[in-house]
Amino acid sequence: MLKQIEGSRAVAEAIALCRPEVICAYPISPQTHIVEALGEMVKSEKLAPCEFINVESEFAAMSVAIGASATGARAYTATASQGLLFMVEAVYNASGLGLPIVMTVANRAIGAPINIWNDHSDSLSQRDSGWMQLFAETNQEALDLHIQAFKLAEELSLPVMVCMDGFILTHAYEQVDMPTQQQVDAYLQPYEPRQVLDPREPVSIGAMVGPEAFMEVRYLAHAKQMQALERIPQLAAEFKQIFGRDTGGLVHTYRAEDAETIVVAMGSVLGTIKDTVDEMRDDGHKIGVLGITSFRPFPLAQVRAALQNAKRVVVLEKSLAVGIGGILSTDVRMALSGLQLHGYTVVAGLGGRAITRKSLHKLFREAQQDTLQQLTFLDLDWDVVNKQLARERAVRRSGPAAENMLRDIGTVASKIA
Amino acid sequence: MPFQPIKFYQTGTFTVGNRLLKPEDRSVQSHRDRSNAINSGHRACQGCGEALGARYALDAAMEATGSQLIAANATGCLEVFTTPYPETSWQLPWMHSLFGNAAAVATGIAAALKVKGRSEVRVVAQGGDGGTTDIGFGCLSGMFERNDDVLYICYDNEAYMNTGVQRSSATPPAARTATTMPVGPNPGNEFGQGKFVPAIAMAHEIPYVATATVADLRDLEAKVKRAMEFRGARYIHILVPCPLGWGTASHDTIHIARLAHETGLFPVFEAEHGVQVSALPIRKQLPVEEYLKPQKRFAHLFGAKPKLDVIARIQERADRNIRKYGMVQREEVL
Amino acid sequence: MDKPFAITLDPGSSLANHTGSWRTKKPVYLDRLPPCNNACPAGENIQGWLFHAESGDYEKAWRVLTLDNPFPSIMGRVCYHPCESACNRGQLDSPVGINSVERFLGDEAIKRGWKFDAPAASTGKEVLIVGAGPSGLSAAYHLARLGHSVEIHDAGPLSGGMMRFGIPKYRLPRDVLDAEVARILKLGVTLKLNTKVANIEDSMRAGNFDAAFLAVGAHIGKRAFIPAGDAAHIVDAISVLRSMEGEDKPMLGRRVVVYGGGNTAIDVARTAKRLGATDAIIVYRRTREKMPAHDFEVEEALQEGIMIKWLSTIKQADEGMLTLEKMKLDDKGFPQPTGEFETMAADSLVLALGQDVDLSLLQGVSGLEISDGVVKVGPNMMTGHQGIFAGGDMVPSERTVTVGVGHGKKAARHIDAWLRNTTYEPAAKHEPVDFKMLNTWYYSDAPKTLRPMLDAIRRQSSFDEVQGGLDETNALFEARRCLSCGNCFECDNCYGVCPDNAVIKLGPGKRFLFNYDYCKGCGMCVAECPCGAIKMVAEDI
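Residue numbers (numbering that gives the first Met the number 0), protein chains in the order written: chain R, 0 to 416; chain D, 0 to 333; chain C, 0 to 540.
Same shape as in the complex, but just chain R (with noise of 0.2 Å):
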C-alpha cells in the first residue's frame, strides 16, 4: 500500500509488522519518533504482544535487548550518536553472545563539538564491534531492510544495524509502499533462539573464555559474517519475490558498465550522486556508482569486481578517521589490492553539511582529470580553518576552536560584540 509519511514512521510501520516481543528506548534524535511511533502502537495495544520499556540510557537499552533476546525474545531498539557510543559496551557483548538483536541507528555526528546532524562517524566506529550493518539508500529501502535485517540476524544469530541517514531519511516525508501484515509473516517466521534461557532447560550463557578457546570463538563470529555475504543476495532475492521489490543485497551498481570512474558511496547521498551522474552522462563522462548497502560484512569480491574495470575510484563517504582519512575507502581500497587504480578518497557531509550537486559536479571532473587531492575534504572553507591554524600558531591559548571560527563567518560575532 503506498503512503506518503515521514522515514521514521515508515520504519516504525514495518517494524511492528515483524511482531517485535521487547522493545527498549531511549530517546536521542534524530531517531526519536520512531521508538515513539512503537510506543504508541504498543500502548494502544495495536501491537501486542510486545513490552515497551522506556530504559534509563542506551546502555540500558541494549542490555535490557540482550537479555530479553537471550530469553527468546525478537528485540529491537534504536539510537544514534552519542547514544550508540554510550551502548558500545553492550553492543559488543550482543555480538559476542550472538544474539540476533535488531537496531536502528538513524545516522548522526558524534561530538564535540556536539552535533545532532548526519554522518557516518556513528555507525562507522561499530564497524568491528561484531554486527553487521545494513545502510539505507532511501525510505523504502530502509524500511525494507529491517524486514531483512530480523530474518538476517535471526538466521545466524548474530545482531544487525539498519543504518539510515539521521534527518535525511528519518525526517523527510516520501512515498513508501507499506507491506501488508500476510507478506511479513510470509517472510519472516517466529524468532526460534539458537540459545535460550529457559528453566526446562538451563545453560549458562556468557561463561569465561580464555586463551585456550577465545580465537576459535572470535573467529566463528567471522565465519558468520562470511555466510552474511552469501545469505544477503539470498534473502533479497526472497524479499523480491514476495514484495516485488529490489532491495537490500551487498552492493548495487549506476550506470557502471563502461565507466571509467566509479563514485562509491553509502546512504542516501547516493541519490544526489546518481543525479550528478545522469547530468554527467548526459554531458558523455563515463562514469558511474557503485553504492554499498552491506557495510559490515564488507563484501570485497563484489566491491572488487563492481570497479576492477575502471580508472579510477572516487570513495565518498561522511566519515573521517583522524589522522588517516577514509573509513570506507579504507575498506574498498583493500577490495581493490593490487588493481593499478586511481583512488580518491572525499570526506564529505560531516555533522549534516550539505552535499551538493554543484560541489559534485565540480568534484567528480577533477576527479576525472586526476587534479584532485588524494584526501579531499569537499567545501571545506580552508579561510576559516587557516586563520585558526594561524591563530593556534601565534598563541598558545588561543580558544576553543569551533568559536573562534564561528565568530570568524559572523555567526557568534555578531551576537557578542
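No lab work stands behind these hints, which were simulated from the structure alone.
A couple of the hints might just be wrong.
[Said to hold, decoys possible] Think about it this way: if two alpha-carbon atoms lie no more than 16 Å apart in a straight line, the pair counts; the simulated EDC-like pairs of lysine to aspartate or glutamate are:
| id | chain 1 | residue 1 | chain 2 | residue 2 |
| --- | --- | --- | --- | --- |
| 1 | C | Lys534 | C | Asp433 |
| 2 | C | Lys509 | C | Asp30 |
| 3 | C | Lys2 | R | Asp197 |
| 4 | D | Lys115 | R | Glu191 |
| 5 | C | Lys168 | C | Glu246 |
| 6 | D | Lys224 | D | Glu204 |
| 7 | R | Lys386 | R | Glu402 |
| 8 | C | Lys24 | C | Asp539 |
| 9 | D | Lys113 | R | Asp197 |
| 10 | R | Lys361 | R | Asp274 |
| 11 | C | Lys2 | R | Glu154 |
| 12 | R | Lys310 | R | Asp369 |
| 13 | R | Lys239 | R | Glu278 |
| 14 | R | Lys357 | R | Asp277 |
| 15 | R | Lys285 | R | Asp257 |
| 16 | D | Lys283 | D | Asp318 |
| 17 | D | Lys113 | R | Asp282 |
| 18 | C | Lys2 | R | Glu237 |
| 19 | C | Lys59 | C | Asp106 |
| 20 | R | Lys223 | R | Glu154 |
| 21 | R | Lys361 | R | Glu229 |
| 22 | C | Lys289 | C | Asp329 |
| 23 | C | Lys308 | C | Glu288 |
| 24 | C | Lys2 | R | Glu200 |
| 25 | R | Lys223 | C | Asp1 |
| 26 | D | Lys283 | C | Asp92 |
| 27 | C | Lys428 | C | Asp1 |
| 28 | D | Lys115 | R | Asp197 |
| 29 | R | Lys150 | R | Glu55 |
| 30 | D | Lys224 | D | Asp24 |
| 31 | C | Lys2 | R | Glu215 |
| 32 | R | Lys150 | R | Glu229 |
| 33 | C | Lys110 | C | Glu58 |
Using the hints, position chains D and C against chain R.
Showing chains D and C alone in chain R's frame:
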C-alpha cells in the same frame, strides 16, 4: 516460677536445620534435595562468603519458585569463579553480560517472559558491590523506578575483590584497600564517603528491600522468600565477607558477618514500599573492636598505638545504625 | 539446544573440577566426651539419653539411660549431680537440669510400667551379692542382664540399703525406691532379706556361687567420746534415720541438737524437725564454707528453720544441757579451741560424725587387704581374693548412692569377664570437649527451669517430698537446653555452611560425610559446628 514456653527447640532458629523441627520449618539449606544453585567445583577462594551467600539466596529463590528461575549476573568474582570455560557451576538458567548491566539484562529477561506469557518464571539479577553500587547503579536505579519484576541481589564484600581489592562505594571508612592504603594522615578509606544502596532502593519505594548477612541463614532465606511474594522490583543486599580482601581466616567468614551485625555496623532490616517494617535485633551488642580486630584491612587501627579516635568514629557509625534502624538488643528470655 | 561454542555451557558441569586438591587441612567428624558423661560416677551416657529426650522419645531415653543405671527415678532425687557442675552450659547461662530430666524419665517409666529388656541367654554362672543397697542392686542388675544368675543377701528387713535407711523419705519416697528395686528383681534376681552373711567364703560354698560382690553399706554410726551425764540422751544419726523406717519413731524431744557437718547431719536435723522438734540445731566445728554437706541441702534446711551453730564443739553432755566450746580457724583452716565455753539446752544429742562398714563377713578370707575400715580392690574391683569383688561403701571412695551404682556396674562388667576367663577392656574414652570448642551462638538463650518446691510450712510438718518433678513440657524444654557437647546432633550446620557443597547429608540418624573431592579445607564447618564434633587435621601431602 521462671518458666518459658518452648519457642525454639534445642538450638533455636539459628542452626541450618534441626531434627526437632517440622520439615517445613527447616531451612532450605538443610534439605537434602536443595537446588545447589552453584554446584561443587567452583573456583571461589576457601571460605568465600559470596559463594555461600549466592547459594543461600538462589536456593531459597528456587525453592520459592519451584525452580522456575532465571539469573542475570554482573561481571565479578561470582561470575568468574563459576563459569570459566569449559565448566559452569550454575544449575539454573544463568546469563552473564557485562559488569554494569545485570539489572537491565534482568529487565529484558522479565520482559521477554511477560510477553511470552510465562509469568511463572521469575528473574533474579545479582552482582557484587562494585557491579551494584558503582558501575551498575544506573541500570539498577532504572530497574527500580520502572518497578520491573526483578529481584536484584547484591553480594556486598565491600570492595572490588575480583580485580584485587580496590575501593568501591561500599567500602567502609578506614578500611585498607589497594586504592585506599593505610598511609598518610588519614590512612585507609575516607570517612564521609560511600553510599548505602538499600536506603537508596527504599527511596525508590519499590515493593521490597532487605539486608541480610551470611551469618543468619534463617533470616536471609525468609527475606528471599518474602521477596518472591512480591511482583515488581525488589532488592536484597547481603553482606558476604571476603577472606582474601578483608584479611580474615577462611573459617571466620560467618563469624565476621555475625560480628558485623552484632556490633551494629551492618544494619539488617527489611522495608516494604519504602517503609522499614522490621529490624533484626542484635542478640548481644559488642564493641566495634571485636569486629575490626580480626580483619587485616583494619590492622592499622591497632598495634602498639591503637587509633582510638578512629575506632570511636566507627563506633559512632554503629551506634547510629542501631538507633536509626532500631536494632535494639532483644529481650530473648525473662 | 544448539549451543554456541565456549560461551554457553551445560549446567553444573563444574563437577569436573575437583577443588579438593587445594586442601592442606581437612575436616573430620568425631565424637568428643561431653563433660557431663565424664563427671558421672555411674558412667551414664547423659548426652546420649538427653538426645532422645529432646525428641520426646522418653522411653528410648530411659532405655539408653538404664543401660548404665537402673535407678533414674532415685537418681533424679538423691544424686548430687556432678554432671550439672561440669555442664558446659553453666558457662553460658546455667547448667542443664540433667537431674530433673532424669527424674522425669524415671517417674515416667514407673508411671508407664516400662520394663527392662529380657536378659541375655543364661550363662549358667551364679553370683552372690552381699547387700541390697545401690551398689549391690546395680551389680545385680547388670549381671542379670548379662545372663548370670544372681542372688542378693541382705541383713536388713527391706531392700535398698542406705537408700532406705540413710535417706529420709521426704527426699526419696519409698514407693519410688520400691518400684525401681522391684523392676530389677523382675529380671530374675533373687533377694534374700534378713540374711546376714557371717562369712563370705562359707556362704559362697554353701550356695555354690562362682563369684561374689560385696556391697555392704556403712550402717554403723561413728561415736566420739563426749563426757556425758547418765541421763544425757545421746543417739547416732544413722540409727535415728533407720528407726524412721520401723514402727517406732525415735523420741528426740522438742529441742534436738545434731553434731556434725555432713549430709547426714542435715538429714537428721530435718527429720527431727518433721518429728515435731521446735528447735533442731546443728553444731559444727567449722564454718559453712568448710561444711561437707551440699550447699543446696544446707539452704533447704535453713529454709525449714533448722539452726546451725558454727565454730563450736561439744565438750560435755548432761541431761537437758550441753556445754559447747567456741572454735576459731587457724591459718590452714583447721578449727582450734579458744577456751571460751557456753551452754545450750538440748533434749537430745544426735551424733552425725560419719559411718563405718561392718566387715566381719571377711574374717579369715585370704588375700584381702583392709585399711581404714575399707577393703582394697584392684582396677577391676576384685579384692585380693580371686572371685570376690567389692564396691560401694566397702571400698575407698566417696560414699554416695551414685558412686555405689557406678561401682556396681563396673564390678558387674569385670565379674562377667572374670567368669568368662577374659578381661573387660572399657572402650577408650573420647577426647573431652571444652567449652571453647563450642559455637554457642547457635543455642538460643534459655535459663534453667526450676523444679517446683514444696511450700515451706508443709515441709516442716510432713514427710511429703520436698522437691517436685518436671512435667512433660518443661522436662522436654530442659532436655532441649542440652548443648550436645562433642556429639553431632544433626543440626545441618556443616551441610549448610560449606561454600563448596562438600558435605553429604546422609539422612536422619545417619549424620554426614565429607566429600573430599570438593572440600577446599576452609574450616567453616568446624568453626560453625555448635557442639565441637568436627576438627581439622593436617592433610597427607
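Status of each hint after checking the structure:
1. C:Lys534 to C:Asp433: It holds: about 13 Å lies between the C-alpha atoms, which stays within 16 Å.
2. C:Lys509 to C:Asp30: The hint holds at about 14 Å.
3. C:Lys2 to R:Asp197: OK: Lys2 of chain C and Asp197 of chain R at ~13 Å, within 16 Å.
4. D:Lys115 to R:Glu191: holds, 13 Å
5. C:Lys168 to C:Glu246: Holds. Lys168 of chain C to Glu246 of chain C sits at ~15 Å (cutoff 16 Å).
6. D:Lys224 to D:Glu204: violated, 19 Å
7. R:Lys386 to R:Glu402: holds, 13 Å
8. C:Lys24 to C:Asp539: holds, 8 Å
9. D:Lys113 to R:Asp197: holds, 13 Å
10. R:Lys361 to R:Asp274: With Cα atoms ~14 Å apart, Lys361 of chain R and Asp274 of chain R stay inside 16 Å; holds.
11. C:Lys2 to R:Glu154: holds, 14 Å
12. R:Lys310 to R:Asp369: The given pair, whose Cα atoms are some 10 Å apart, holds under the 16 Å limit.
13. R:Lys239 to R:Glu278: violated, 30 Å
14. R:Lys357 to R:Asp277: Status holds; Cα separation ~13 Å.
15. R:Lys285 to R:Asp257: Within the cut-off at roughly 7 Å; holds.
16. D:Lys283 to D:Asp318: holds, 14 Å
17. D:Lys113 to R:Asp282: violated, 62 Å
18. C:Lys2 to R:Glu237: violated, 28 Å
19. C:Lys59 to C:Asp106: The hint holds at about 14 Å.
20. R:Lys223 to R:Glu154: With a Cα-Cα distance of about 10 Å, the restraint between Lys223 of chain R and Glu154 of chain R holds, given a limit of 16 Å.
21. R:Lys361 to R:Glu229: Given pair Lys361 of chain R, Glu229 of chain R is violated - Cα atoms ~38 Å apart, limit 16 Å.
22. C:Lys289 to C:Asp329: holds, 13 Å
23. C:Lys308 to C:Glu288: Distance of about 13 Å is within 16 Å: holds.
24. C:Lys2 to R:Glu200: holds, 12 Å
25. R:Lys223 to C:Asp1: holds, 15 Å
26. D:Lys283 to C:Asp92: holds, 14 Å
27. C:Lys428 to C:Asp1: Violated. Lys428 of chain C to Asp1 of chain C sits at ~61 Å, over the 16 Å cutoff.
28. D:Lys115 to R:Asp197: holds, 12 Å
29. R:Lys150 to R:Glu55: Violated, at roughly 29 Å.
30. D:Lys224 to D:Asp24: holds, 13 Å
31. C:Lys2 to R:Glu215: holds, 15 Å
32. R:Lys150 to R:Glu229: At roughly 14 Å apart (the allowed maximum being 16 Å), Glu229 of chain R and Lys150 of chain R satisfy the hint.
33. C:Lys110 to C:Glu58: holds, 12 Å
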